[in-house]
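Engineer: Read in this note's numbering, the sequence shown has 4 at position 4, and its numbers run on one by one without any break.
By construction, these hints were calculated from the structure, which means they are not laboratory data. Among the hints, erroneous ones may be present.
[To be verified] Using C-beta positions, here's what the derived DEER-type ranges look like:
{"#": "1", "residue 1": "Gly52", "residue 2": "Gln32", "range": "20 to 30 Å"}
{"#": "2", "residue 1": "Arg25", "residue 2": "Pro57", "range": "12 to 22 Å"}
{"#": "3", "residue 1": "Lys2", "residue 2": "Arg114", "range": "30 to 40 Å"}
{"#": "4", "residue 1": "Asp16", "residue 2": "Pro86", "range": "28 to 38 Å"}
{"#": "5", "residue 1": "Asp58", "residue 2": "Gly119", "range": "14 to 24 Å"}
None of the values given here were measured: they were computed from a predicted structure. Don't be surprised by glycine CBs; every beta carbon is placed ideally from N, CA and C.
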Amino acid sequence: MKLLLDTHILIWYLADDPKLPFAIRDLIVEPQHQVFVSVATVWEIAIKKALGKLTTPDNLPEVLVACRFEVLPITLYHALQAGGLPRHHDDPFDRMLIAQTMLEGLTFVTRDSRIPAYGVSILTL
């Protein structure tokens, strides 16, 4: 399975937060699964950290590698897809993650109740 983690899922995973169910955590650590973190997620985390709304490791790139997560870049095609999505969701970061899920054939791991409206493959909490 190829998983794309929503920003809150990554934050909960790194913080070992009990909000992340064990079943989802088990899927993330399963060696046969590819786990992706979007550059959009890293960007969103950096913004929240700069605003003082979030505490994350200063060495986030190294932490992602240690967790065996693959960084998913944003491409021109992702940007075009995100821009053309229906307006079920106005958050630009989430719209980018939805576009990446669609174009890359991923399963999006999220608790966001608005994501199913896009018809993408999801794992919800």
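Engineer: Now tell me, hint by hint, if it's right for this structure.
Structural biologist: Results of checking the hints against the structure:
1. Look at Gly52 against Gln32: about 39 Å separates their beta carbons, and that is not inside 20 to 30 Å.
2. A hinted range of 12 to 22 Å for the beta carbons of Arg25 and Pro57 is consistent with their spacing of about 18 Å.
3. For the pair Lys2 and Arg114, the beta carbons lie near 22 Å from each other, so the given range of 30 to 40 Å is not met.
4. Distance hint for Asp16 and Pro86: a CB-CB separation of about 36 Å, consistent with the stated range 28 to 38 Å.
5. Under the hint 14 to 24 Å, the C-beta atoms of Asp58 and Gly119, about 38 Å apart, miss the expected range.
Against the hints set out earlier in the document, violations occur for numbers 1, 3, 5.
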